[in-house]
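K.L.:
Going down the list, the sequences are from chains A and B.
1 is the number of the first residue of the first sequence in the working numbering; add one for each residue after it.
1 is the number of the first residue of the second sequence in the working numbering; add one for each residue after it.
Treat the hints loosely; a few may be bogus.
[To be verified] Partial chain B-side listing against chain A, Cβ under 10 Å, derived:
id, residue
1, ALA251
2, LEU252
3, VAL265
None of these hints come from the bench; they were simulated from the model.
None of these values were measured; they are calculated from a predicted model.
Even for Gly, the Cβ is constructed at its ideal location relative to N, Cα and C.
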Amino acid sequence: MSVEPFVQVESLNIEFATARGTIKAVRDVSFSVEQGKTLCIVGESGSGKSITSLGLMGLLPPTAKRNATRLRVGGTDLLSLDRRAMADVRGSRMAMIFQEPMTSLNPSLTIGEQMAEMLTRHRGSSRKQALEKAAFWLEKVGIPAATNRLRQYPHHLSGGLRQRVMIAMMLMCEPEFIIADEPTTALDVSIQAQILFLLSSLQRELGMTMIFITHDLGVVSRIADHVAVMYGGQLVELAPTADLFARPQHPYTRGLINCIPIPGKTKPGAHLGSIPGSIPSLAGKLQGCAFAPRCDFATANCRTDTLALRETGSDRAVRCLYPIKPNASPDIALEGTQ
Amino acid sequence: MKTDALLELRDVSRSFIVRNGLFAPKKQLQAVRGVSLKLMPGDVLALVGESGCGKTTLAKMLLDTLPPSSGQILRGGSAANARNRRERTRQLQAVFQDPYSSLNPRKTIGNIVSLPLRVHQQGNPAEIRATVDRIMNLVGLPPRFYNSYPNQLSGGQRQRVAIARALVLRPEIIICDEPTSALDVSVQSQILNLLIDLRAELGLSYLFISHDLAVVEHLASKVAVMYLGRIVESGNARTIFDNPRHPYTRALLASVLTPDPGKGVPDIQLGATFPNPLAPPSGCAFHPRCPLARPECRIEAPPNVVDETGAVECHLYKEPIL
Numbered sequence: 001m002s003v004e005p006f007v008q009v010e011s012l013n014i015e016f017a018t019a020r021g022t023i024k025a026v027r028d029v030s031f032s033v034e035q036g037k038t039l040c041i042v043g044e045s046g047s048g049k050s051i052t053s054l055g056l057m058g059l060l061p062p063t064a065k066r067n068a069t070r071l072r073v074g075g076t077d078l079l080s081l082d083r084r085a086m087a088d089v090r091g092s093r094m095a096m097i098f099q100e101p102m103t104s105l106n107p108s109l110t111i112g113e114q115m116a117e118m119l120t121r122h123r124g125s126s127r128k129q130a131l132e133k134a135a136f137w138l139e140k141v142g143i144p145a146a147t148n149r150l151r152q153y154p155h156h157l158s159g160g161l162r163q164r165v166m167i168a169m170m171l172m173c174e175p176e177f178i179i180a181d182e183p184t185t186a187l188d189v190s191i192q193a194q195i196l197f198l199l200s201s202l203q204r205e206l207g208m209t210m211i212f213i214t215h216d217l218g219v220v221s222r223i224a225d226h227v228a229v230m231y232g233g234q235l236v237e238l239a240p241t242a243d244l245f246a247r248p249q250h251p252y253t254r255g256l257i258n259c260i261p262i263p264g265k266t267k268p269g270a271h272l273g274s275i276p277g278s279i280p281s282l283a284g285k286l287q288g289c290a291f292a293p294r295c296d297f298a299t300a301n302c303r304t305d306t307l308a309l310r311e312t313g314s315d316r317a318v319r320c321l322y323p324i325k326p327n328a329s330p331d332i333a334l335e336g337t338q
Numbered sequence: 001m002k003t004d005a006l007l008e009l010r011d012v013s014r015s016f017i018v019r020n021g022l023f024a025p026k027k028q029l030q031a032v033r034g035v036s037l038k039l040m041p042g043d044v045l046a047l048v049g050e051s052g053c054g055k056t057t058l059a060k061m062l063l064d065t066l067p068p069s070s071g072q073i074l075r076g077g078s079a080a081n082a083r084n085r086r087e088r089t090r091q092l093q094a095v096f097q098d099p100y101s102s103l104n105p106r107k108t109i110g111n112i113v114s115l116p117l118r119v120h121q122q123g124n125p126a127e128i129r130a131t132v133d134r135i136m137n138l139v140g141l142p143p144r145f146y147n148s149y150p151n152q153l154s155g156g157q158r159q160r161v162a163i164a165r166a167l168v169l170r171p172e173i174i175i176c177d178e179p180t181s182a183l184d185v186s187v188q189s190q191i192l193n194l195l196i197d198l199r200a201e202l203g204l205s206y207l208f209i210s211h212d213l214a215v216v217e218h219l220a221s222k223v224a225v226m227y228l229g230r231i232v233e234s235g236n237a238r239t240i241f242d243n244p245r246h247p248y249t250r251a252l253l254a255s256v257l258t259p260d261p262g263k264g265v266p267d268i269q270l271g272a273t274f275p276n277p278l279a280p281p282s283g284c285a286f287h288p289r290c291p292l293a294r295p296e297c298r299i300e301a302p303p304n305v306v307d308e309t310g311a312v313e314c315h316l317y318k319e320p321i322l
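Construct all of the structure, not just a fragment, from the sequences and the given hints.
P.N.:
Dropping the structure here:
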């Protein structure tokens, strides 16, 4: 008997009604994450990756319309929860960490008050206990003199420190499920490596399930078990991490991998691959493949046919009429484009 | 004092007086402490280090927006103050990190790119227009953008505008301060390709400030690693990436997450704390985080050891290694 995946998302659609028509930011996205595993959602700005996670957390702005056939986390049906019940689940069982450390902390409360609230609100701890726990977690994410920091306000802290406060705050309740939206993008590489190291060791220790959103393929390769590539609001490729990097099947995925310099593989000073054109508009109905205008392999069919995410093997799926064949040219993803 | 470097820093320091509150005592913050550095013609010199290490202060001094507290900045072999500022800015231009805040939203692209020409009175309106058209073409901006405003452009296009503006006076040196870190992956590669092409076509030299070491390895010919206001290691890019000597350089390189599935996140064992620049550690500034620290590192600042492969400041390398 197979175990039910910890996170199940089926046919998630998110729309925004704007003055200039409907923006379909997330289109029919389905994926699942097994308990204790990490799914990375990769994509460029405007691909819908952040909105997907906000939709899952029930944190969409009021102008957004969400519908899905299934949205389950750890056995709880999120679609059936009202706002109050959702707020209880958030923070205690699932936590989200955002990209901007500058705006996600309350500027009028001290670090200690904000952190302690997590435990007094969700775990019924006393203020004193909560503050001790807060100091413990600040030390754990590498903030020295933690007890002094608790009395400071967010504006006293640098961006890197604020982001670490956010991470400590999120981990305090030891949630079962974490959504991290580019949590280390604004940080130095040395801090990034340390935070990711911490996050992955805590994940193992606590058996946390994680969805990690990033555009950094290096980070993806190191922490993900599975990768979901998003483009134009759709999931275009889903694969185990090693397979995705070794044999990308969607031309967009391959394009992305070609774009980054890989030390030891890319020739220094040589041209990097690039993806010409720009991201598609998310307004209205999509005709054909969203990537067709930028794709080297696109045919007339790509512009007209409706594309579904098709399985292409165990654990793999791709939304493309002409997925790149496994043995097409083995190392092509690592060479620069001609 | 002759030098063949385009740009040379000799023992440059810069300190600031700061106070934490209205009645708190004034303190001296040494942002840059005795930096000597050379940019040779045709080089791409990458300056790497964590935030707070003094990279930006250094760049500001090079750009003449901040005078050094002590030391000398030589451009083309002569001291900076020997020539007038306008002439200096013609040789040295900058491209900044955020193309959303570095362009005036109320000016058209044509206006933004042509401003340096107008300030420097380079020709009549028709000539200026011709130069702007040529530069826009060079950086891959379609002519129809001439009358557009920055908000009508994407991030990558804006960064091209910033590059066009930097190039329009035909400078010899461009200071790129994190030019691609605000951009998407596919756009980043386009901008890097453009910088590579422009260097070859126009014979430019870059001072490239970045914390993306994969990009640095791809682009740079020389690397200088900065820690708490000092250059702790410098040399040829190849040498530094293949054989880093300073423990800090090694830690930085270890923290680069190259696409390598299955390898996991390394434990770089660098205590997460960057020291407080108001109270720098004694001896070697890196010793509290250094896995190889010895007793003398706490007491004595390491000597600067220069050999043919580069320079390094660490007690492990007291004698030149040949």
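K.L.:
For every hint, state whether the structure bears it out.
P.N.:
Structure-based check of all given hints:
1. ALA251: With a minimum Cβ separation of about 6 Å from chain A (threshold 10 Å), the hint on ALA251 (chain B) holds.
2. LEU252: 6 Å, holds
3. VAL265: Constraint on VAL265 (chain B) satisfied, holds at 4 Å.
Taken one by one, the earlier hints all hold for this structure without exception.
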